[in-house]
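Turn these sequences into a full structure, and let the hints guide you.
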Amino acid sequence: MSGVPTVPDDSVPSLPAPLGPPPPGSCTVTTDDGVPLHVEVDGPDGGVGAAPLTVVFSHGFTARLAEWDLQRAAVRDRARLVLWDQRGHGRSGWTPLASATIDRTGRDLGDVLDATTPTGPVVLAGHSMGGMSVMALARQRPELFGSRIVGVFLLATSAGGLVETGLLGRLIRIVRRLGLLPLYLRALQVAAPALERFRRRRTALGRRLTRRLLFGADDADPQRVRLVQDLLEETPYPVAMAFYATFLDHDESAALEVLRRVPVTVVAASHDRLTPVAHGRHIAEVIGDGAELVVVPGAGHSVNLTRTGIVDEALKKLLDRVEGEHKIAG
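Numbering (my numbering), first residue to last: 4 to 333.
Be aware that a few hints might be false.
As the list claims (entries may be wrong) - Mimicking SDA-like on lysine to any residue, the simulated pairs with C-alpha atoms at most 20 Å apart in a straight line are:
(1) K320 x D72
(2) K320 x D292
(3) K319 x R75
(4) K319 x I331
(5) K319 x A76
(6) K319 x P124
(7) K320 x R263
(8) K319 x H329
(9) K330 x G123
(10) K330 x G149
(11) K320 x R264
(12) K320 x I331
(13) K319 x E295
(14) K320 x K330
(15) K330 x D80
(16) K319 x P55
(17) K330 x P55
(18) K319 x K330
(19) K320 x G149
(20) K320 x D80
(21) K330 x R264
As the list claims (entries may be wrong) - Label-pair distances were calculated between CB atoms; the ranges are:
(22) P196 x K330: 50 to 58 Å
(23) A220 x G182: 36 to 44 Å
(24) R204 x D254: 28 to 36 Å
(25) R200 x K320: 42 to 50 Å
(26) I177 x R284: 25 to 33 Å
(27) R210 x D36: 30 to 38 Å
(28) E316 x A207: 32 to 40 Å
(29) R229 x E199: 19 to 27 Å
(30) L181 x E146: 35 to 43 Å
These aren't lab readings, by the way, just hints derived from the structure by calculation.
Fair warning: this is a prediction, and the values are worked out from it, not measured in the lab.
Using N, Cα and C, we set each Cβ at its ideal position, and we do this for glycine too.
Here it is as structure tokens:
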């Protein structure tokens with residue numbers, strides 16, 4: 004386990020717009036329930052076998068694959084890269100609301116892996132909901148870990164219990180006891196289309212909420228807050244509300260035993276209000292000796308955009324570990 008400096012990165016990232024034609028290296032992977040997933044392949048020549056190692060990146064809730072662009076630039080010279088938009092996000096297709104679950108996105112990740120990287124060693128990287136998707140895949144297909152999948156990078160994520168504490172946790176427990184949780188979630192999903200119709204983006208209130216929920220004590224500046232606000236507001240309310248339901252029951256504790264088979268790096272931010280640092284510590288503690296925990300003081304949930312150098316270095320060190328343990332030529 005290691006601490007890191009609190010100095011933020013100087014540069015403010017610029018993420019590409021989701022509109023327009025897909026960039027070179029794009030393809031579509033269709034899931035077994037018919038949802039087309041947008042996938043981009045990058046790195047040396049882009050093809051299978053062009054590099055000895057593939058890194059598959061899974062983005063967070065209401066974001067898209069562009070949130071990984073800075074890490075993409077940092078490691079594209081040493082690995083083949085696969086990035087994908089989760090269902091209902093970015094350029095990927097709409098999802099039936101009943102299929103907006105972590106269990107489903109874990110299977111989607113498996114579909115992307117099978118379609119784009121049928122052979123060769125793989126490192127899975129996931130931020131927030133993307134990390135949950137990685138853990139769901141570990142529970143569903145444990146035979147992949149230690150064979151095809153040789154390393155895991157978990158960034159600002161949780162194995163479960165996100166709403167067990169605080170006012171929201173108490174309210175959810177009451178709603179569950181009364182048997183009203185399905186009705187509550189259905190009401191959210193029914194209201195979402197109307198909310199979307201009258202939705203206003205790039206508002207001052209939206210910026211304040213973004214600043215409060217996704218940034219830490221000293222890692223926010225106006226440009227970064229606007230960038231993250233724009234990124235998160237791209238996802239329609241119906242999709243956001245549908246996925247919100249899955250976080251209430253999210254529990255991938257069983258996956259942590261599977262992750263003990265491979266080197267794992269867990270990056271947690273000290274001021275993360277969505278997936279608090281205690282969740283990252285718990286993941287690392289359960290995995291044990293094979294996990295390296297990096298805690299970023301002063302940072303919030305968007306740590307990959309605000310403390311880019313720290314996250315890049317943690318990812319590169321994981322690739323070093325994987326290459327050393329599996330004798331993968333760089």
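Are there hints from earlier that the structure breaks, and if so, what are their numbers? none
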